[in-house]
Amino acid sequence: MTWTGAGALFILAATYAGVAVGRIPGLRLDRAGIALLGGAAMIAIGAIGIEDAYRAINFDTITLLLGMMIVVAHLKVSGAFRALGGFAIEHAHAPFMLLIMVTLLTGVLSAFLVNDAICLVMAPIVVHVTRVIRRNPVPYLIATCTASNCGSVATITGNPQNMVIGALSGISYPAFTAALAPVALFGLVAVIVIIRIVYRAEFARPAELSPEVYRGRMLPGQVLKATIVCLALAVAFFAGVPVAKAALIAGAFLLVTRAIKPHRIYREIDGPLLFMFAGLFVVVAGAERTLLTPDMIAWAKTIGLDDVWRLSGFTAVLSNIMSNVPAVLALRPFIPGLENPERAWLVVAMSSTLAGNFTLLGSVANLIVAEQAKAAGKELSFMSFFKVGLPLTLLTLLAGTAWLAL
0 MTWTGAGALF
10 ILAATYAGVA
20 VGRIPGLRLD
30 RAGIALLGGA
40 AMIAIGAIGI
50 EDAYRAINFD
60 TITLLLGMMI
70 VVAHLKVSGA
80 FRALGGFAIE
90 HAHAPFMLLI
100 MVTLLTGVLS
110 AFLVNDAICL
120 VMAPIVVHVT
130 RVIRRNPVPY
140 LIATCTASNC
150 GSVATITGNP
160 QNMVIGALSG
170 ISYPAFTAAL
180 APVALFGLVA
190 VIVIIRIVYR
200 AEFARPAELS
210 PEVYRGRMLP
220 GQVLKATIVC
230 LALAVAFFAG
240 VPVAKAALIA
250 GAFLLVTRAI
260 KPHRIYREID
270 GPLLFMFAGL
280 FVVVAGAERT
290 LLTPDMIAWA
300 KTIGLDDVWR
310 LSGFTAVLSN
320 IMSNVPAVLA
330 LRPFIPGLEN
340 PERAWLVVAM
350 SSTLAGNFTL
360 LGSVANLIVA
370 EQAKAAGKEL
380 SFMSFFKVGL
390 PLTLLTLLAG
400 TAWLAL
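Following numbering that gives the first Met the number 0 from start to finish, the sequence shown increments by one per residue and tops out at 405.
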């Protein structure tokens, strides 16, 4: 191995370790900073040139993510999410019905919009409702994040890793949805059933609930405009319009308003996530150029990644070690050489997402809900989540893999 290759290997390992942990001890670097530093280091040692680094960044993914962030931000700022969530939950007249409402609403919204943003909106509503009706918030908070993960499996726009896979694989939006929507639906049913069993004491005491949800200020005109744009966006996705193009146009159109100041939208955009993606694209490209050899590609075949079950298990483990987006990018060099690349990408999308339900640390959505609960004085502990996450992850992974193996 050359010095450049050794350096690239060290940078790759250090970057992925840093992104997995979320920080570097003694430094004030977050995941975005670590990824950008790794990309810059790859350029500095000559593993990849600056022009090639530009080309390595998949701007379809970045553009899609940015466009969807703007759409979600407009829905949030206009009050659409609060109104929808409040209306649905107010019509839950029993604890079990409240669980069903929270699960289905979160799951369906997460299927078409970025799931992390949906958790940011839903978690405070759930905390408020359970406080008003004096119920244990934990099962409903767990339903929020696990349903968000399961629901987001269904489409390319459901979560960041699916966006990456959509851009890399070329799978159309309708084909992706047709393949994985049944898995998402099964997952939502599993969330309801498992939480009902694990937290049966919460649902053993039937009660008539009439929660009055604070919906906050709503801008009806902006809600209507955003709703029309979202419907048009969904039509464009299923009609075959490139998803990045459609999302960017929709987001830009929503910025044209006299009612909402631009900075209220901009501060909802997760810029660090975009930076992290750009950095990781460069890190992976640098590693590919210096480390990827025919022998390494052949090794991927020896461990049986052509087998759906092995690929699913390998992806799930990898996603829990280094997080789902880095895991997807790490698998990128090997998937095109497999016997059925399209099916392999679908397996990776399914497994990397559902693996996020394994532990509280398994996905950003889980951490968002935990932090939102903590800010409201409620604790979502590791073990309370794990009691649901373990059986849910195993059951949904088995069902999802069996479905894709057909």
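It should be emphasised that the hints constitute simulated quantities derived from the structure, not laboratory data.
Beta carbons are placed, not taken as given, at the ideal position from N, Cα and C, and that holds for glycine.
Be aware that one or more of the hints could be misleading.
Said to hold, decoys possible - Below, simulated BS3-like cross-link-like pairs (lysine-lysine); rule was C-alpha separation at most 27 angstroms, straight line: (1) K373 to K75; (2) K224 to K260; (3) K373 to K244; (4) K224 to K75; (5) K386 to K373; (6) K300 to K75.
Claimed, not checked - Label-pair restraints from in silico Cβ distances: (7) R54 to K244: 38 to 48 angstroms; (8) D294 to I320: 34 to 44 angstroms; (9) L254 to A12: 32 to 42 angstroms; (10) M295 to R54: 21 to 31 angstroms; (11) T226 to A180: 31 to 41 angstroms; (12) A177 to D305: 17 to 27 angstroms; (13) K244 to H92: 35 to 45 angstroms; (14) S171 to R133: 43 to 53 angstroms; (15) E370 to R133: 36 to 46 angstroms; (16) K260 to G45: 18 to 28 angstroms; (17) S380 to R22: 16 to 26 angstroms; (18) I296 to A401: 23 to 33 angstroms; (19) R263 to A12: 39 to 49 angstroms.
Hint by hint, here is what the structure shows:
{"no.": "1", "hint": "K373 to K75", "in the structure": "holds, 21 angstroms"}
{"no.": "2", "hint": "K224 to K260", "in the structure": "holds, 16 angstroms"}
{"no.": "3", "hint": "K373 to K244", "in the structure": "violated, 38 angstroms"}
{"no.": "4", "hint": "K224 to K75", "in the structure": "holds, 13 angstroms"}
{"no.": "5", "hint": "K386 to K373", "in the structure": "holds, 19 angstroms"}
{"no.": "6", "hint": "K300 to K75", "in the structure": "violated, 46 angstroms"}
{"no.": "7", "hint": "R54 to K244: 38 to 48 angstroms", "in the structure": "violated, 19 angstroms"}
{"no.": "8", "hint": "D294 to I320: 34 to 44 angstroms", "in the structure": "violated, 23 angstroms"}
{"no.": "9", "hint": "L254 to A12: 32 to 42 angstroms", "in the structure": "holds, 41 angstroms"}
{"no.": "10", "hint": "M295 to R54: 21 to 31 angstroms", "in the structure": "holds, 22 angstroms"}
{"no.": "11", "hint": "T226 to A180: 31 to 41 angstroms", "in the structure": "violated, 22 angstroms"}
{"no.": "12", "hint": "A177 to D305: 17 to 27 angstroms", "in the structure": "holds, 23 angstroms"}
{"no.": "13", "hint": "K244 to H92: 35 to 45 angstroms", "in the structure": "holds, 44 angstroms"}
{"no.": "14", "hint": "S171 to R133: 43 to 53 angstroms", "in the structure": "holds, 48 angstroms"}
{"no.": "15", "hint": "E370 to R133: 36 to 46 angstroms", "in the structure": "violated, 23 angstroms"}
{"no.": "16", "hint": "K260 to G45: 18 to 28 angstroms", "in the structure": "violated, 46 angstroms"}
{"no.": "17", "hint": "S380 to R22: 16 to 26 angstroms", "in the structure": "holds, 22 angstroms"}
{"no.": "18", "hint": "I296 to A401: 23 to 33 angstroms", "in the structure": "holds, 28 angstroms"}
{"no.": "19", "hint": "R263 to A12: 39 to 49 angstroms", "in the structure": "holds, 40 angstroms"}
In summary, the numbered hints that this structure violates are 3, 6, 7, 8, 11, 15, 16.
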